[in-house]
Amino acid sequence: MSREDVLVSADWAERHIGQEGVVFVEVDEDTAAYDHGHIPGAVKLDWKLDLQDPVRRDFVNREQFEKLLSGRGIGNDDTVVLYGGNNNWFAAYAYWYFKLYGHRDVKLLDGGRKRWELDDRKLVTDIPQRPTTEYRAQEQDLSIRAFRDEVTEAIGAKNLVDVRSPDEYAGRLLAPAHLPQEQSQRAGHVPTAVNVPWSKAANEDGTFRSDDELRKIYSGAGVDFDTSTIAYCRIGERSSHTWFVLHELLGQADVKNYDGSWTEYGSLVGVPIALGDEPGKA
Amino acid sequence: MSTADVSGSPTGQPASLGGGGCAAPDQAAPLPASVNLAKDTVIAGTVVADGGSPVGGAYVRLLDATGEFTAEVVTSALGDFRFFAAPGEWTVRALSRAGNADAQVTAEQGLNRLTLSVAQD
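Chains A and B, in that order, are what the protein sequence lines are.
Residues in the first sequence are numbered consecutively from 825, following my numbering.
Residues in the second sequence are numbered consecutively from 11, following my numbering.
Hints listed in this document are in silico derivations from the structure and should not be mistaken for laboratory results.
Values in this document were obtained by computation on a predicted structure and should not be read as measured data.
Hints may be right or wrong, so weigh each one.
[Stated by the list, open to error] Simulated restraints, written as ranges between beta carbons of each label pair:
hint: 1; chain 1: A; residue 1: Pro955; chain 2: B; residue 2: Lys49; range: 50 to 58 Å
hint: 2; chain 1: B; residue 1: Gly61; chain 2: A; residue 2: Ser894; range: 46 to 54 Å
hint: 3; chain 1: A; residue 1: Ala1077; chain 2: B; residue 2: Glu78; range: 51 to 59 Å
hint: 4; chain 1: B; residue 1: Gly98; chain 2: A; residue 2: Lys1040; range: 27 to 35 Å
hint: 5; chain 1: A; residue 1: Arg839; chain 2: B; residue 2: Leu88; range: 32 to 40 Å
hint: 6; chain 1: A; residue 1: Gln888; chain 2: B; residue 2: Ala48; range: 23 to 31 Å
hint: 7; chain 1: A; residue 1: Leu873; chain 2: B; residue 2: Gly61; range: 37 to 45 Å
hint: 8; chain 1: B; residue 1: Asn46; chain 2: A; residue 2: Ala856; range: 26 to 34 Å
hint: 9; chain 1: B; residue 1: Gly98; chain 2: A; residue 2: Pro955; range: 53 to 61 Å
hint: 10; chain 1: B; residue 1: Gly66; chain 2: A; residue 2: Asp950; range: 16 to 24 Å
hint: 11; chain 1: B; residue 1: Gly66; chain 2: A; residue 2: Val948; range: 15 to 23 Å
All residues carry an ideal CB built from backbone N, CA and C; glycine is no exception.
Whole structure, please, built from the sequences with the hints as guidance.
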C-alpha cells in the first residue's frame, strides 16, 4: 500500500470526473454543502442519516450498507473517491467504514472540499442519476474497529492515540470549540493515551503532510510503530483521519479506530480517566 | 495584511439550533438555547474583504495559545463565524479565495466579537 493507492490529488480527480468505474462520493454531517455545489457527478452520503443506525448507537448493518450503496449506484468493482468538508473528517470516516465492509478500491481526495474550493475548481448542483447496482458487502473487518473493552485493556499495553485538541484531551473542554460544550460525560482522556491532535497530520489547506513528516510527528509523540495502536476522538470521525494516516499512509499493521470514542468512554462507570496534559499512569 | 477589531459586548439573541456530531453548525443561526453567555465564552465575528464586503465560504480556524489547531468553521453568506471556547489567548485565522488574515484575541467570558479583513498574502 502506498500513498498513491489511497490518496488522490485534486488534479487527478479533475482528470477522472465522468470516467467509467470511478465514483466520487461527498460525505458530510451537514449535506447542505453538497446541495449548494459538489464535484460533477458526485453522489452524497449523509454521515448520520446514511451511516448510523436510526435507533441504536451503531452502524447500519451489512444488508443496510448493501442497500445504501446499491441505491447510490456504487458497484463492488468501482473506485470510490471520497471527499468532504471539515478537512475530510467524515470522508476519512467513510473511507474507514467502506474498508470495514470490505470495499476494495477506496481513495481519499487530498484536501477535500476545502482545497477544491480554495482552488476555485468546478462545483455543480446537478444531481447525478446512477443506475442501481447489486452491491455485496463483506462481514465487518473487526481488525480495524475497537470496542470499549479493548480500550481499557490497551491502557499501558498498546499505543493509545487521543486525536482531539489539547484542551479536550486535558479535560478543559468537552467538545471541539466550534460546538456548544456538552455536560453528559466526564472530561479527560484514557490513561496512557498520548495526545496527537488529528490536525498535526494536515496542512492548513486540509492536505496531508508528507510521509516523513507524519512519521516524525507520531514517533516523536511516543507512538511505537512496531506495536498495536487504537485511535479515538469524541465520536470517531477525527480518529478515522488518524487511522487513515497510520494504517493507510504509513502502513502500520495493527491500527484500530475506536468509534465509541470519548462520548462512550467518558460515560462509562468505573473506568480510569486521566486529567491534565500528561498521559498519566496505567 | 490583516486587521482586527475586538470588543466584548454580549447580545441577547433568540435561541434555536440543535446539537449534533463534530461538524460545523450553521454559522448564521442564532445562538443555541444551551449557550449561557454569563458562563460560556463565545468568539464570533465576520470575515470581510477590502472595502468591507462580507466573505461567505471562508474557512476560519481557531488556534490556541501555542498555535495548535482547535476548530474550523466555514463562514455564512454574510461572512459570520462563531466558536465556543474558553477565556484566554487565541488566534483566529481565515483562508479564502479573496485572501487570508489572522488576528489575536484575548477572550473573556461572554461574547467576544471581531472582524477579520482578508487580503492576498
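Outcome of the hint check:
no. : hint                              : verdict
1   : Pro955(A) x Lys49(B): 50 to 58 Å  : holds, 54 Å
2   : Gly61(B) x Ser894(A): 46 to 54 Å  : holds, 51 Å
3   : Ala1077(A) x Glu78(B): 51 to 59 Å : violated, 29 Å
4   : Gly98(B) x Lys1040(A): 27 to 35 Å : holds, 29 Å
5   : Arg839(A) x Leu88(B): 32 to 40 Å  : holds, 36 Å
6   : Gln888(A) x Ala48(B): 23 to 31 Å  : violated, 45 Å
7   : Leu873(A) x Gly61(B): 37 to 45 Å  : holds, 41 Å
8   : Asn46(B) x Ala856(A): 26 to 34 Å  : holds, 27 Å
9   : Gly98(B) x Pro955(A): 53 to 61 Å  : holds, 55 Å
10  : Gly66(B) x Asp950(A): 16 to 24 Å  : holds, 22 Å
11  : Gly66(B) x Val948(A): 15 to 23 Å  : holds, 18 Å
In terms of the numbered hints stated before, the structure departs from hints 3, 6, listed from lowest to highest.
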